[in-house]
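Trainee: Residues per chain are reported as follows:
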Amino acid sequence: MKRYSAFAIAREAARWHMGWERAWRSPTPKAKYDVIVIGAGGHGLATAYYLGKNHGIRNVAVIEKGWLGGGNTGRNTTIIRSNYLQDPSAAIYEKARSLYETLSQDLNYNVMFSPRGVLMLAQTHHEVRGYLRTAHANKLQGVATEYIGPEKVKELCPIINLDGPRYPVLGALWQPRGGTARHDAVAWGYARACSDMGMDILQQTEVTAIRQAGGKVTGVETTKGAIACDKLAIVVAGHSGVLAEMAGFRLPIESVALQALVSEPIKPCMDVVVMANTVHGYMSQSDKGEMVIGGGADGYNNYTQRGSFHHVEETVRALVETFPMISRLKMLRWWGGIVDMTGDRSPILSKTPLGNCFINCGWGTGGFKAIPGSGWGMAELVARGEPGPLTAEFGLDRFREGRFIDESVAAGVAH
Amino acid sequence: MLILTCPYCGLAADETELSPGGEAHLKRFGPGSSDDAFTGYLFHRENPRGVHFERWRHSNGCGKWFLAARCTVTLEVFGTYPAQTTEPPAAILDAIRAKRPDWEGRA
Ligand SMILES: Cc1cc2nc3c(=O)[nH]c(=O)nc-3n(C[C@H](O)[C@H](O)[C@H](O)COP(=O)(O)OP(=O)(O)OC[C@H]3O[C@@H](n4cnc5c(N)ncnc54)[C@H](O)[C@@H]3O)c2cc1C
Ligand SMILES: [Zn+2]
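Protein chains in written order, with our numbering: chain A, 1 to 415; chain B, 1 to 107.
Extracted from the complex, chain B is given alone in its bound form:
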């Protein structure tokens, strides 16, 4: 059972209390951008076998969106952080590198 700690209310929430929201830190492209950039934003996903940054909502709790860094191969959670963050914070990156020295960073 996946357990993520909500960075807002501090609860260690079981996955039945949460809703997954897909890849985090997508850069939004809208009207005026190139077709390629818009296609990439809408559809193309990193979908890595390994470290993944993703959105979650504490839907059966405080209701807020937050972000998590998690390994898709071991389901290990490296940390969670607020949604109002455009890049993964340094503390999260350090936690990942401590456990995955070979990790090459976000593609």
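For reference, chain A alone in the conformation it holds in the complex:
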């Protein structure tokens, strides 16, 4: 792989950009791999990357039914933060956030990580108490956050209206090292690095069945034929239930639509991310100038990647109250993704009833921020066959044991 650099840009500029090579190969499937990862979203690709980088396992295929990064990874609103309440969450999200800081250098691919800071507004007294508690928890966990008052909120985000009639801004939980990154670039950067290690990314290849013998997986059937493997990692977000059914077990997961939209581009007016969980809305400004807006998840099981209009309407209504200046912006694009929701709003990184099959899912509305940490932990789980410190608490058995990692109250809604 030729490295990307300022020198490479100058060289290619001098020869009409004829020398760029493809970022990843499009190979034909081999008969067998050491590890097959199903799903080339951020989590699947990161799992493959750290399998190679940290564990030396490079005979790996990542199988994707559509195009890589075309699932939730390419549909999210790219908020990155690690200000969670529970210790296991703080550990894995902070691992991910810290890996994001140097990911561009590590992958030799600009993922445009922008630690511009994330504000989570407190708009009820209950929320004030909740975020004070989170700020204390974060101190103990070593995650740098701070509870700030309304004046500081206004200073950080001058376009905000502190005195909304229904929900005045009482304060905020502020994580200065949170921010955003370019979602596609995260998928593309990992894919390029995986391909460079000799791994095969098989796009337009759908897994249709999971072959098993004696309580173990022997391979998968795909739309491009059967492929054998020693170990299988299922990393398919909203389609986890479908793959689990192929494998013969059930998950504590339901798939629902989560929507987002962007406005027409405007001049820079906001250089932080603002989340308003009580009123179900959040907003940031992209580098292109669009206001990127998201809200709460829809309520019913859905695989269509389309959501209900009234949810978007509620989100926009709340944000117009919080940011009156957006009231006359036009909407440019509007889309949805199918998110995998667990009851405690925490992910699953786990062994399964099949000995050599592992699953990574349940990131729901908030897994983009976790991609590097999740891949790191998942690779360890797949390589060793046992969870390491990052993933130990996220096993499927926590539901049976009642050891929930409850982020549903503390983290508010979608994020």
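These are computed hints drawn from the structure, not numbers from a lab.
Positions of the beta carbon are idealized from the N, C-alpha and C atoms, including for glycine.
There's no promise every hint is true.
[Stated by the list, open to error] With a Cα cut of at most 30 Å, we get these calculated DSS-like pairs of lysine-lysine:
#1 A:Lys351 / A:Lys65
#2 A:Lys224 / B:Lys99
#3 B:Lys27 / A:Lys351
#4 B:Lys27 / A:Lys65
[To be verified] Taking CB as the label site, the calculated pair distances span:
#5 A:Met18 / B:Gly22: 33 to 41 Å
#6 B:Ser19 / A:Met325: 32 to 40 Å
#7 B:Leu75 / A:Arg317: 18 to 26 Å
[Claimed, not checked] A short list of chain A residues far from chain B (calculated; beta carbon distances all over 10 Å):
#8 His17
#9 Ser26
#10 Gly241
#11 Gly343
Since chain A is already given, all that's left is putting chain B with the ligands on it; use the hints.
Mentor: Coordinates of chain B with the ligands only, in the frame set by chain A:
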């Protein structure tokens, strides 16, 4: 916009008038059951890509709970029926099979 007909008041209700209530026909396991059965009842869901039986409440209407059969891929509604039903009624199953001949029944 999803429209479901409330089997009680007969209104074709828009989804803004309704509240979704998750998978229908769950078999309840309580004290005395095995851990596995209890875990399954509380957490495990079919979450199918296709025909789904589910609970809805006509919350901004008559207020009653009812059940619906719906496709999660096309959002097509096969029919609605009263909540006091432990299995999907034959008429609903016929309506599903007419439109989804390959449907293998509830998992
Ligand atoms: C609108 C929206 C906004 C969001 N905002 C944020 C945010 O601001 N911050 C944040 O942290 N998170 C956010 N999220 C959540 C985040 O996008 C997801 O948690 C994360 O991208 C999940 O990544 P993944 O790799 O697990 O799944 P995906 O990116 O969905 O990848 C799974 C892949 O598996 C493939 N697949 C499925 N079935 C098969 C099969 N049978 N065979 C082969 N391949 C298959 C799919 O095609 C897909 O490409 C948001 C999500 C949405 C929808
Ligand atoms: Zn009614």
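Trainee: It remains to establish, for every hint, whether it holds in the given structure.
Mentor: To see whether the hints hold, each was checked on the structure:
1. A:Lys351 / A:Lys65: holds, 23 Å
2. A:Lys224 / B:Lys99: Holds. A:Lys224 to B:Lys99 sits at ~29 Å (cutoff 30 Å).
3. B:Lys27 / A:Lys351: holds, 27 Å
4. B:Lys27 / A:Lys65: Since the Cα atoms of B:Lys27 and A:Lys65 sit roughly 34 Å apart, the hinted pair is violated (cutoff 30 Å).
5. A:Met18 / B:Gly22: 33 to 41 Å: About 57 Å separates the Cβ atoms of A:Met18 and B:Gly22, which means 33 to 41 Å is violated.
6. B:Ser19 / A:Met325: 32 to 40 Å: Since B:Ser19 and A:Met325 have Cβ atoms about 34 Å apart, the given range 32 to 40 Å holds.
7. B:Leu75 / A:Arg317: 18 to 26 Å: With Cβ atoms ~24 Å apart, the hint holds.
8. His17: holds, 42 Å
9. Ser26: Holds, because the least Cβ-Cβ distance between A:Ser26 and chain B comes to about 27 Å, which exceeds 10 Å.
10. Gly241: violated, 4 Å
11. Gly343: Given a closest Cβ separation of 6 Å, the condition is violated.
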